[in-house]
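S.K.: We have chain A already, so just place chains B, C and D on it with the hints.
Chain order of the listed sequences is A, B, C and D.
The numbers in the first sequence follow the numbering used here, run straight up by one, and end at 235.
The numbers in the second sequence follow the numbering used here, run straight up by one, and end at 235.
The numbers in the third sequence follow the numbering used here, run straight up by one, and end at 235.
The numbers in the fourth sequence follow the numbering used here, run straight up by one, and end at 235.
To be clear, the hints were calculated from the coordinates, so they are not data collected in a lab.
One or more of the hints may lead you astray.
To be verified - Think about it this way: if two alpha-carbon atoms lie no more than 25 Å apart in a straight line, the pair counts; the simulated DSS-like pairs of lysine-lysine are: (1) D:K121 x B:K121; (2) C:K87 x C:K224; (3) B:K87 x B:K121; (4) A:K121 x C:K224; (5) D:K87 x D:K224.
Note that this is a predicted model, so its numbers are computed, not measured.
Next come the chains, spelled out residue by residue.
There are 4 protein chains.
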Amino acid sequence: MRNIIIGVMGPGENASSEDLKNAYELGQIIAINNWVLLTGGRASGVMDAASRGAKQAGGLTVGILPSTNSQASEAVDIAIVTDLGQARNNINVLSSDVVIACGMGLGTASEVALALKNQKSVILLTTDSISYQFFRSYARDQLFQATTPQETIQLTHKILARLSLFETI
Amino acid sequence: MRNIIIGVMGPGENASSEDLKNAYELGQIIAINNWVLLTGGRASGVMDAASRGAKQAGGLTVGILPSTNSQASEAVDIAIVTDLGQARNNINVLSSDVVIACGMGLGTASEVALALKNQKSVILLTTDSISYQFFRSYARDQLFQATTPQETIQLTHKILARLSLFETI
Amino acid sequence: MRNIIIGVMGPGENASSEDLKNAYELGQIIAINNWVLLTGGRASGVMDAASRGAKQAGGLTVGILPSTNSQASEAVDIAIVTDLGQARNNINVLSSDVVIACGMGLGTASEVALALKNQKSVILLTTDSISYQFFRSYARDQLFQATTPQETIQLTHKILARLSLFETI
Amino acid sequence: MRNIIIGVMGPGENASSEDLKNAYELGQIIAINNWVLLTGGRASGVMDAASRGAKQAGGLTVGILPSTNSQASEAVDIAIVTDLGQARNNINVLSSDVVIACGMGLGTASEVALALKNQKSVILLTTDSISYQFFRSYARDQLFQATTPQETIQLTHKILARLSLFETI
Numbered sequence: 067m068r069n070i071i072i073g074v075m076g077p078g079e080n081a082s083s084e085d086l087k088n089a090y091e092l093g094q095i096i097a098i099n100n101w102v103l104l105t106g107g108r109a110s111g112v113m114d115a116a117s118r119g120a121k122q123a124g125g126l127t128v129g130i131l132p133s134t135n136s137q138a139s140e141a142v143d144i145a146i147v148t149d150l151g152q153a154r155n156n157i158n159v160l161s162s163d164v165v166i167a168c169g170m171g172l173g174t175a176s177e178v179a180l181a182l183k184n185q186k187s188v189i190l191l192t193t194d195s196i197s198y199q200f201f202r203s204y205a206r207d208q209l210f211q212a213t214t215p216q217e218t219i220q221l222t223h224k225i226l227a228r229l230s231l232f233e234t235i
Numbered sequence: 067m068r069n070i071i072i073g074v075m076g077p078g079e080n081a082s083s084e085d086l087k088n089a090y091e092l093g094q095i096i097a098i099n100n101w102v103l104l105t106g107g108r109a110s111g112v113m114d115a116a117s118r119g120a121k122q123a124g125g126l127t128v129g130i131l132p133s134t135n136s137q138a139s140e141a142v143d144i145a146i147v148t149d150l151g152q153a154r155n156n157i158n159v160l161s162s163d164v165v166i167a168c169g170m171g172l173g174t175a176s177e178v179a180l181a182l183k184n185q186k187s188v189i190l191l192t193t194d195s196i197s198y199q200f201f202r203s204y205a206r207d208q209l210f211q212a213t214t215p216q217e218t219i220q221l222t223h224k225i226l227a228r229l230s231l232f233e234t235i
Numbered sequence: 067m068r069n070i071i072i073g074v075m076g077p078g079e080n081a082s083s084e085d086l087k088n089a090y091e092l093g094q095i096i097a098i099n100n101w102v103l104l105t106g107g108r109a110s111g112v113m114d115a116a117s118r119g120a121k122q123a124g125g126l127t128v129g130i131l132p133s134t135n136s137q138a139s140e141a142v143d144i145a146i147v148t149d150l151g152q153a154r155n156n157i158n159v160l161s162s163d164v165v166i167a168c169g170m171g172l173g174t175a176s177e178v179a180l181a182l183k184n185q186k187s188v189i190l191l192t193t194d195s196i197s198y199q200f201f202r203s204y205a206r207d208q209l210f211q212a213t214t215p216q217e218t219i220q221l222t223h224k225i226l227a228r229l230s231l232f233e234t235i
Numbered sequence: 067m068r069n070i071i072i073g074v075m076g077p078g079e080n081a082s083s084e085d086l087k088n089a090y091e092l093g094q095i096i097a098i099n100n101w102v103l104l105t106g107g108r109a110s111g112v113m114d115a116a117s118r119g120a121k122q123a124g125g126l127t128v129g130i131l132p133s134t135n136s137q138a139s140e141a142v143d144i145a146i147v148t149d150l151g152q153a154r155n156n157i158n159v160l161s162s163d164v165v166i167a168c169g170m171g172l173g174t175a176s177e178v179a180l181a182l183k184n185q186k187s188v189i190l191l192t193t194d195s196i197s198y199q200f201f202r203s204y205a206r207d208q209l210f211q212a213t214t215p216q217e218t219i220q221l222t223h224k225i226l227a228r229l230s231l232f233e234t235i
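Next comes chain A alone, as it looks inside the complex (with noise of 0.2 Å):
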């Protein structure tokens, strides 16, 4: 029985606290959910937020790193080392069963662009409504948007749950 894997991708360096916030609370939530965790891995931003909070309700968290002197975040339990610097991205997208961008940048925008050309559900937690309208024009039926980290995940359980009923049939 595969694991279930949760992608949260976001800013590194230049993280809002709010992004921070929220990245750590999606962390504890996945978690709780017997879901795994998957980031891009780096002891930097949204990706070490999520896997912090991750680890402090008890979960399994997987770092996808750029490159061999990528520092990892403390709270990556596996880390899978790429060397493939940004191209590393879409492998954070492929290999998660829903993404979800905490805040917007430029290594986000490939990730959130690379998820929907791949069929990938993508929920964007930002109050920013140019990034929803930017990739609404290119994939409607796959974009979600959400204020919270809670609704957030109640919008996984539906993806999840919608997956599973084409699996089923």
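M.R.: For chains B, C and D alone, kept in the frame of chain A given last:
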């Protein structure tokens, strides 16, 4: 003396007729300037049109193919087979001195985001204001917008002059 | 406290019955040592057998899949989908603290070469003398040979002790 | 009409003087045959020598660079920047119609293994019998050995003729 490489990115299957016309003209002018054209290489949409334009004008064309099964544009001289899927988008932008987005879509959005993330200069050839507004939030200095192929190439000349200035200092 | 990851590489479709038996036992002993097992993830050959052995013994298994179409072994807990084809072999070895080659083939040979190139320690579990002779020409200190799963795990313990020594100094 | 691409792989820092002499001559003859030379692109060893030979004879050279920091050979016309580390080795061989290993080392061994795994024809230009013996165990039909650049190019012609035969049928 390394060749100057200009990357033209844009939709494959969903390119508009305006995008295709612009891509063909971009390819032509790139060739006339003795720059190498780099695209995603497939026999589809903007990649194909830009490559055809460049060949018509006697230029050299490089195509960075996503898969061993991808059908390459007949107008690609040098086919680089990556077998990386969408992760090859990062190579497209890292190998280009200037990145031109001719039209917009999910793959193109990932390329614009990755290019800006890697400090590459990007020109959006589009009348769509949302994409410019979205990316401008994250990278003002390196992002440009143009409405015609001619204007795009004028901007390309300015960017190359600036890059060359940095190298000689 | 990051998990220790032991990579078991080996033939998929062309694995011998000896390779499969060894892989299963390796998986079991790796799990018993509380190490995470990492393989190429597919439902085939050494990857599958090692993962099954580890699951039987209650371990945690990670599979680094080459393609979005790859069928994952049922015994893989955490499936990392790379869509990189054989380029994912570099991730397999970079993510492993110790690399074990259980049997030999072309994919496995690329992994042994990439692991040694990246200064990873590699154990060849094989009675074939040519592969050892070949790789020994290029990397004496990090290359080991074993003839049984038990001997392989003893060597793994020694290598991990040496790595941990380097980290504490 | 796609260009024929001949890949020359071989040691960087540890190339022997014999390897460097052979690589330079290979580059020259590849250019004289109007084939495009593809190498790993760095300003080092066999990559650099082959590129210099090809440029001296007026050829076109492509270099597939591992990192954004890699110093490219001055004799590389078209630099493809992958930022994939050693995972770029798979691109080197997938993009070549024929793969020539000029000398041997760990990176080169990974390229020979990946090339054969991908059904590419490989010529080992070496007097070392172990590497030929090792790889021959896994891929008889596509592996060739030569002792001089001239013999290597004769084999290249035969392989290309065979490939072209398959395509026309």
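S.K.: Where does the structure disagree with the numbered hints, that is, which hint numbers, in rising order?
M.R.: Of the numbered hints given earlier, the structure breaks just one, which is hint 4.
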